[in-house]
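Engineer: Using the sequences plus the hints, can you model the full thing?
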Amino acid sequence: MALWMEAGSEPKTESEIADLQAISALKHSTALELKEKGNEYVKMGKKHYSDAIECYTRAINQEALSDSDNSIVYSNRAHVNLLVGNYRRALTDAQEAIKLCPTNVKAMYRAAKASLSLSLLVEAKSFSENGLKQDPDNEELKKLAKQINLVKMEHDKREAEVSKALSEAKDLLSAIEDRGLKVGKAMFGELVGLRKPVLDKNKILHWPVLLLYAEVMSSDFIEDFCETDMFSAHLDMISILLAFFLSNMFSESCPPLPWDTENNYTREAVELYYEAGSGVPLSKKKILHYLLDGTSGANVESVDEEKDTIESHGSVPCMLWTVNFWYAKTEVFSWGLGSTDLYQQQSFSGKGSSKWVKVNEKRMLCDVLKEPDFIISGIPALTCSASDLQSLLGGAANATTAAEYICTRFVAVSDHFVDTAYAIDNTYLLFSAYLVFAMQLGFAMLCAGSVRAKNTMNIMLTNVLDAATGGLFYYLFGFAFAFGSPSNGFIGKQFFGLESFPSPSFDYGYFLYQWAFAIAAAGITSGSIAERTQFVSYLIYSSFLTGLVYPIVSHWFWLADGWASAGRADGNLLFGSGVIDFAGSGVVHMVGGIAGLWGALIEGPRMGRFDHEGKSMALRGHSGTLVVLGTFILWFGWYGFNPGSFLNILRTYGDVGSYYGQWSAIGRTAVTTTLAGSSAALTTLFGKRMLAGNWNVTDVCNGLLGGFAAITSGCAVVDPWAAIICGFVAAWVLIGCNKLADKFHYDDPLEAAQLHGGCGAWGIIFTALFAKETYVNEIYSGKPGRPYGLLMGGGGRLLAAHMVQILVITGWVSVTMGTLFWILHKFKLLRISADEEMAGMDLTSHGGLAYAYYDEHDDEMQKKSFMMTKVDPYFFPYNDTIKCLSSISKRHQQVGSRMQVGLSLDTSNLYEGSHDDYIKIWSISSKLLLLGIFGKDFSQQEL
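full-length UniProt numbering applies: residue 1 is where the sequence shown begins, and numbers increase by one.
Keep in mind the hints are simulated off the structure, nothing from the lab. Heads up, some of the hints might be wrong.
Derived lysine-lysine pairs resembling BS3-like cross-links, with alpha carbons at most 27 Å apart [what the hints assert, rightly or not]:
1. Lys826 - Lys46
2. Lys143 - Lys43
3. Lys125 - Lys142
4. Lys143 - Lys133
5. Lys133 - Lys146
6. Lys99 - Lys170
7. Lys157 - Lys286
8. Lys106 - Lys43
9. Lys142 - Lys43
10. Lys27 - Lys142
11. Lys157 - Lys146
12. Lys99 - Lys152
13. Lys157 - Lys143
14. Lys47 - Lys772
15. Lys99 - Lys142
16. Lys152 - Lys125
17. Lys152 - Lys142
18. Lys46 - Lys828
19. Lys164 - Lys285
20. Lys164 - Lys99
21. Lys783 - Lys772
22. Lys106 - Lys146
23. Lys106 - Lys157
24. Lys37 - Lys27
25. Lys286 - Lys164
26. Lys47 - Lys201
27. Lys201 - Lys285
28. Lys43 - Lys27
29. Lys142 - Lys157
Simulated restraints on C-beta separations [claimed, not checked]:
30. Val804 - Gly608: 34 to 42 Å
31. Ser283 - Asp835: 55 to 63 Å
32. Trp732 - Val804: 18 to 26 Å
33. Trp732 - Tyr434: 54 to 62 Å
We put the CB at the ideal spot given by N, CA and C, even for glycine.
Structural biologist: Now the structure itself:
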């Protein structure tokens, strides 16, 4: 009768007291069994650590053990958490164990170890000392205490160094502020490094000063320019330097230059200027961070905020000077920095304007430092040849020398334009790489929304590990296999681990961009095998796919050495055209889709996906919101995926100076990408409405992505109108593939194989049909007159090459990834157990559910209490079972009265049947009641 007592009431009868004692004894026995079972799991190895934690947790939740026994269980759970790297949980458990039993030495040891791992050195030292007080001869504690002391000594030493660096930097900042100096953003770091001003013991500032000689394209660096020095003291040194760069032109014994007929370039002609009135002032906090750069305090985050700013518009550590040849009479030098006529003609006004100010050499550095700060302006970049210029200068004796001099200067500054072009192209490529990498977030959101809530954390973690694992293996092997040139037509053989990188062919931005493509292929595969795959399988297949399978395919079609590349260096193209897979409908999407196809086929459909009669049963994803969010992020990232595949932007088509160039082709590619996706989305919307009778947002999102996957191959070589056709057909290809999947009992939670494999294959065929001759010759300009789209009049050779691509990708991925998945299946490393699949991988593999729910009928107090209480993972199947059995009871009221029972029951195989079936259900319910009360375990056979 004690089972029906109200909560908080006291037993009144002997029967109730006896019942409660029996229940208490049974719970105590169950808790001890769970503790021992947890210990056994720990001995079985790391594969069973999660089971051990689960057993310890259930033992604690019985609330039947004494404080000392509970202390041991908490300490044991802390030990397992340490083993799996959950240091924060380990510390919490160890502290709870110590609280229950202050003499638990093992708990103190584990608390000290967890604190050390969390860099809580004071706490770690306290725990170790308390443990040694309890057990002075404990060798493990002695060893740990010694380790903690060493770490603490290093930490204290570093703290002292940081404190010293911070104090010196603040003193320097205070000196700058006291002098009213204006400081701005550092420039010319490549010339001066991390040099900074220094405050000597007499509180005098010593500045590094950069001298720039515009006419000779050179510079010099004075490391110690005392603030009390006058500039005249340094002009002799400047004269010597200029004499070195201009053939000792200031030396009295040196004859004048041929074109300096009036001998105007003398020592007195050298003058100094600074540029004032430009730049952005910095706050004290930013200046302090700069001063700390390169010191022990470089990573200090707790720098005091300062509201005031020290206004400046130039280089923080360096005065930037230009040297002017004041008396130059030859007009050809009027473009040089510091020319009188040039600066007299400039007009300066308004905020942010700048001007050149002449420096009086009798002034001290500290006086000039109080003026507006200094930056150096750029120089126009042109190019010419001396022979062309010489004829324009006439037949004078100095014409050749003057022409050579002028052209060397123009060539020097022209090189800066070349550097700028590299910078622009690499910046464009890096930005595209960032967009493609952002697609991983889109994949994660899409996958999370497309699976059931109980597998959310699992699918999110696999997306993270696709990127991390792919990064390491693509760095070690993948990039070399894909782009290691020179190589053969099958596989690359250079740049392992980015050795000899960067090269004239590739820079780091190119590696980053290609890595983002590789992990995109791995992300596609993870969606196909979601909700029933062992975690270790994700790590194995992701490493293999990004390190070997995908790189070899990209080598075939994207590198100039590849046997099927459209840009093959030797001109020996497949069917005279090569394969035009511009951004990877085949290389990326088909590879990922076919790999996922084999994984899903070998491990079979999810439980409940098809009923006992083979009828398809929808297992809907739990969040349409996440699906839409992921789709939009992928849409955004596709603008790096397709337009970014040009790799550079600063390239003209035809005459220089034209409005039309590669930038136009990039814009057109973005348009075709948009139209294909939009067309596919609308076609799917109305197509599914006709077939299924509803407007389904998930289907529309998948249709949109199918259009993107299809246009990826030909996005750069087709007209916008053709992209609409591409998206329209892609939508029907996806719908058709899904129908075939249902017919053959193929289960793909994200339709990844159908979407990326099917629509990717259609995109390859589409490109061979609609590629436009003009665009093909612009982008693949190495061989004029190459074949183009069949329907555009280009013949069938491009289509033949593309059919070969579909066949070889299908064959290669099937042989490699199909074999890998088969081996994993044979070694029982591929699919999880039926129990794990029913419970959900979040519970069985990742420590708990991603979401916490409460029932609609719970009152507000229950909701708050539930949300504030630690969630027992067994609570959730409990609710599911109640609802299931309650539903059965409503349909068959002739069988008993309603009752609530505890914990999970798989009712997927219980259908409407005879009276004996119902009796069996209630028998199971009774056992579940005992399970909910006493924590007793029943096997499936017992149930």
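Engineer: Would you mind marking each hint as holding or not holding in the structure?
Structural biologist: We went through each hint and held it up to the structure:
Between Lys826 and Lys46 the CA atoms are separated by roughly 22 Å; this keeps the pair inside 27 Å, and the hint holds. Between the alpha carbons of Lys143 and Lys43 the distance comes to roughly 24 Å, so the proposed pair stays at or under 27 Å and holds. As the CA atoms of Lys125 and Lys142 are separated by approximately 11 Å, the hinted pair is consistent with the 27 Å bound. Proximity of Lys143 to Lys133 is assessed by CA-CA distance (about 15 Å); at most 27 Å being required, the pair is judged to hold.
This hinted pair checks out: Lys133 and Lys146 have alpha carbons roughly 15 Å apart, not beyond 27 Å. With a C-alpha separation of about 45 Å, the suggested pair Lys99 and Lys170 falls outside the 27 Å cut-off, and the hint is violated. A hinted pair counts as satisfied when its Cα atoms are at most 27 Å apart, and Lys157 with Lys286 qualifies at roughly 26 Å. A threshold of 27 Å between alpha carbons decides the hint, and for Lys106 with Lys43 the separation of about 17 Å falls inside it, so the pair holds.
This hinted pair checks out: Lys142 and Lys43 have alpha carbons roughly 25 Å apart, not beyond 27 Å. A C-alpha spacing of about 39 Å is found between Lys27 and Lys142, which places the hinted pair above 27 Å, so the restraint is violated. Simply put, Lys157 and Lys146 have alpha-carbon atoms about 17 Å apart, close enough for the 27 Å limit, and the pair holds. At most 27 Å may separate the alpha-carbon atoms for a hinted pair to count; Lys99 and Lys152 meet this at roughly 26 Å.
About 21 Å separates the Cα atoms of Lys157 and Lys143, which keeps this hinted pair within 27 Å; it holds. Note on Lys47 and Lys772: the hinted pairing is violated, with a Cα-Cα distance of about 56 Å set against a maximum of 27 Å. Taking the CA atoms of Lys99 and Lys142, the gap is near 22 Å; set against the 27 Å cutoff, the hint holds. With a C-alpha separation of about 9 Å, the suggested pairing of Lys152 with Lys125 holds against the 27 Å cut-off.
For the given pair, Lys152 sits about 15 Å from Lys142 by alpha-carbon distance, which is consistent with the 27 Å threshold. Annotation: proposed proximity of Lys46 to Lys828 holds, straight-line Cα distance about 17 Å (limit 27 Å). Straight-line distance between C-alpha atoms of Lys164 and Lys285 comes to about 17 Å, which keeps the hinted pair within the 27 Å bound. With a C-alpha separation of about 40 Å, the suggested pairing of Lys164 with Lys99 is violated against the 27 Å cut-off.
At roughly 15 Å between alpha-carbon atoms, Lys783 and Lys772 fall within 27 Å of each other, so this suggested pair holds. With a CA separation close to 17 Å, the supplied pair Lys106 and Lys146 stays within the 27 Å bound. With a C-alpha separation of about 30 Å, the suggested pairing of Lys106 with Lys157 is violated against the 27 Å cut-off. Pair hint Lys37 plus Lys27 holds up; C-alpha atoms about 15 Å apart against a cutoff of 27 Å.
This hinted pair checks out: Lys286 and Lys164 have alpha carbons roughly 19 Å apart, not beyond 27 Å. Between Lys47 and Lys201, the direct Cα distance comes to roughly 63 Å. Violation of the 27 Å bound is thereby established for this hinted pair. Between the alpha carbons of Lys201 and Lys285 the distance comes to roughly 24 Å, so the proposed pair stays at or under 27 Å and holds. Distance hint between Lys43 and Lys27 is fulfilled; the C-alpha atoms sit about 25 Å from each other, no more than 27 Å.
Taking the CA atoms of Lys142 and Lys157, the gap is about 23 Å. The hint holds against a cut of 27 Å. For Val804 and Gly608, the Cβ-Cβ distance of about 41 Å falls inside the hinted range of 34 to 42 Å, so the restraint holds. The beta-carbon spacing between Ser283 and Asp835, approximately 59 Å, falls within the hinted interval of 55 to 63 Å. Look at Trp732 against Val804: about 25 Å separates their beta carbons, and that is inside 18 to 26 Å.
The beta-carbon spacing between Trp732 and Tyr434, approximately 34 Å, falls outside the hinted interval of 54 to 62 Å.
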